[in-house]
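From first to last, the protein sequence lines are chains W and X.
Start counting at 1 in the first sequence, then tack on 8, and there's your number in the working numbering.
Start counting at 1 in the second sequence, then tack on 124, and there's your number in the working numbering.
Because the hints were derived from the structure by calculation, they are not lab data.
Check the hints yourself; a few may be wrong.
[Unchecked claim] Here are the simulated DSBU-like cross-link-like pairs (lysine-lysine), alpha carbons at most 30 Å apart as the crow flies: (1) Lys711(X) / Lys180(W); (2) Lys180(W) / Lys529(X); (3) Lys598(X) / Lys294(X); (4) Lys180(W) / Lys338(X); (5) Lys681(X) / Lys180(W); (6) Lys329(X) / Lys197(X); (7) Lys529(X) / Lys287(X); (8) Lys180(W) / Lys329(X); (9) Lys598(X) / Lys535(X); (10) Lys681(X) / Lys620(X); (11) Lys294(X) / Lys180(W); (12) Lys668(X) / Lys180(W); (13) Lys287(X) / Lys180(W); (14) Lys405(X) / Lys148(X).
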Amino acid sequence: MSNDPKSIIEELSDHYQISEIKEQKADLLLLKIPKEDAVQFIRELRDGQNYTHLAFMTVIDYIESGIFTLTYMLHNYAAHHNIAVHVDIDREQTEMESIHELWVHAATYQRELREMYGIRFPGSPRLDDDFCLEGWDEIPPMRREFDTVSYSRERFFDREGRITTDPREHMKQIMYPIHTDND
Amino acid sequence: MSLKDLISPFYVWQRAFEKPYTQKHPIQERPGAPRYRGFHVNVLEECVGCGTCETICQNHAIDMVQVEGLEPKPGDSGLRPKFDYGRCCWCALCVDICTTRSLRMSNHYAWITEDPTDFNFIAGADNMSWNGEEYGYRRDDDYHLLRGERVKMEMLAPEEGLKSFEEVMKGYTEEQAKDEADRCVECGLCVATCPAHMSIPDYIKTVREGDYEKGLRILYETNPFSSTCGRICTHRCEEVCPVGHQGEPLAIRWLKRAIVDRVPRERYREILGDEVVENGKQVAIVGAGPGGLSAAYYLRRQGYGVTVFEAQARAGGMLRYGVPSYRLPDNQLDKDIEYIRSLGVEVRFNTCIGREVQFAELIDDYDAVFMAIGLNVPSSLRVKGEDHPRVLSGLQVLDDVASDKNPGVGKNVAVIGGGNVAMDAARVSRRMGANVTVLYRRRIADMPADPEEIHESQAEGCTFVTQAIPVEIKDADNPDQVTIVWGEAEMVADEKGGRPRPVLQEDRMHEETYDCIISAIGQGGSLDFIPGDYRDQIEFKWGKFVPGDYQQTALQKLFVGGDIANNTADAISAIEDGHHAARGIHKFLTGELVA
């Protein structure tokens, strides 16, 4: 019932616009699919090609290109093989079709992605419930524009006695002090 | 209630005799996985204290601190990272960004202590059980957050370069410059090594931001020869750039040029905002090279009347007469010099101290004197027959070319020496159509010339004969030619730990005939113009001035700098000497400097 991954992709290529296909390891194939076709494609892998398990869902923030790349990691138990389905979505219009009806536990991943990156999955159960942050009132913390350092500096005090030294200034003081006068 | 319900609780008891899954106290620690992100390890001798780990840390968990026994030295701030494990999240960005790869992680993950201040420690310096641990996370070879490759600069192909004196290096485009500037980690380790202590990370930042006006202002704080230095600086800063530990160092020199190339000379005054308010005091400067004119610039900005005495017909010193125009085009040197002169610096050309003007007049007539006369007497080869008419000096050849005179090198030329003057004399001769052989007594790696100069000389077809010691120069059969006798040398280790010495092998001698021999093994200075009673008050060593603080001599009015007063003998050191002397003269004339 399970074909080898390459012939699966070949077969599906007739119906889907699959790109950036890369055999990362013997048991892991990466590929990209347009947002509109993604859920249908994933359904096909689950029901037609025996990739019955959603191992995890995550996202990569490509802030420079203005996109989030969603990653759906699907597993085929019989073949011991994984396919990572990448889906680019707009970083500002962050909305993606939910897959909680394909796998119930996807709702939990989607809640996490909503909280950490602000991605909306309309219809996903309890999407807006707190996942692990309580009372968070900033922009989602895993978005790369979030400034972790200043956030923690504003909210938490430093350990007592911590001091740091600027390398350039330190070298100046010790190595060439009299060349530092103003004109 | 069924029988099964009654019996089932007792089933549990059968487990009591099996080996438990849980572990007994005290816990036997299980080793972390080989690439586990455990507690930090730092190899202190490899770390250079650039602080890039501190900058990238998203949790503000790293401080750069002094470590007992580590002092700052060129390329190493002497500081080392101290970790606050109350904040660390073990993301390992610090390990991934580390410029030297000295920072790593062990696979240790359990640390119990009753004193919370213990969790603030200097990795590698404080005595931790995981120091030197073989396992743990380290950066993969093929993964680096820093780009190791320098942005390549377009250059004239060697066969094209040979046809003219056109500038070889073409400069960065705006995009290339930004791309290269983007590789800088802004640690500032280079600033201490730059003789002029230029604010290198700050001006690189202006390239990244495309703010060339601000860049120019930063350059002129320490260097009024930025167009020149952007081309021919010895760039010792690049030798200590931490990015160079795992790749190529930043092209700092080219980035300086990228700024100056984008600001037209006519706009300098407006951008730099230099206003001269005369303060009535007069300073004499001897030598219109980079040292003298830098002093002139900084003194003029403070309102001093400045008169520069120059023996030659044009300003620039060794930059004009010693650096060929394919490395430094005249108009670029002029750009720097014209701006300095535009502030009202008077230059008296063809005026030699001891000839047109006497040393004592300067001392008597001016409030202070800065002397940066350079080195212009070629060193002797110290072999028999070196006064042969077909033995030319490298300096003279370069001087002739810069003055549009034909030095008459002929078709077959031997150049003796391994410094920049030798390389330039060789490349100039190639451009005049000669076959060139460079004879050097040591190995290529020992040559004092810039590596780029050596490579370009080779690319342009100069033949290098190394470990060759000249023994005698004599007449050839043809009176327009000259014959050199040279012997092969073996490199012999120096017992005192110095660099290896070439030793002549008398059984392996060669005799070759050339149209001319260009001698370029160094140069010295001439201080004969200083009268004896002054001379006794000034300290000299090996024919050079020995300046004190602020380049001042014991003859209080006299400040000295440049090649005649330092051991590095390059443009950037002369520029700093000039700037520093200007600081000193200002302090001296305002009574701040007590000699």
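For each hint, the structure was consulted:
Between the alpha carbons of Lys711(X) and Lys180(W) the distance comes to roughly 21 Å, so the proposed pair stays at or under 30 Å and holds. Between the alpha carbons of Lys180(W) and Lys529(X) the distance comes to roughly 46 Å, so the proposed pair goes past 30 Å and is violated. For the hint linking Lys598(X) to Lys294(X), the alpha-carbon distance of about 43 Å lies beyond 30 Å, and the restraint is violated. A C-alpha spacing of about 23 Å is found between Lys180(W) and Lys338(X), which places the hinted pair at or below 30 Å, so the restraint holds.
Pair hint Lys681(X) plus Lys180(W) holds up; C-alpha atoms about 28 Å apart against a cutoff of 30 Å. Annotation: proposed proximity of Lys329(X) to Lys197(X) holds, straight-line Cα distance about 24 Å (limit 30 Å). Between Lys529(X) and Lys287(X), the direct Cα distance comes to roughly 17 Å. Compliance with the 30 Å bound is thereby established for this hinted pair. For the proposed pair Lys180(W) and Lys329(X), the alpha carbon gap of about 20 Å is at most 30 Å, so the pair holds.
Between the alpha carbons of Lys598(X) and Lys535(X) the distance comes to roughly 19 Å, so the proposed pair stays at or under 30 Å and holds. Taken as a hint, the Lys681(X) and Lys620(X) pair is broken in the structure, with Cα atoms around 41 Å apart against an allowance of 30 Å. For the hint pairing Lys294(X) with Lys180(W), the CA-to-CA distance comes to about 34 Å; that exceeds 30 Å, so the pair is violated. The hinted pair formed by Lys668(X) and Lys180(W) meets the criterion: a straight-line CA distance of about 27 Å does not exceed 30 Å.
The straight-line distance between the Cα atoms of Lys287(X) and Lys180(W) is roughly 46 Å, outside the 30 Å bound, and the hint therefore fails. Simply put, Lys405(X) and Lys148(X) have alpha-carbon atoms about 87 Å apart, too far for the 30 Å limit, and the pair is violated.
The structure shown violates the earlier hints numbered 2, 3, 10, 11, 13 and 14.
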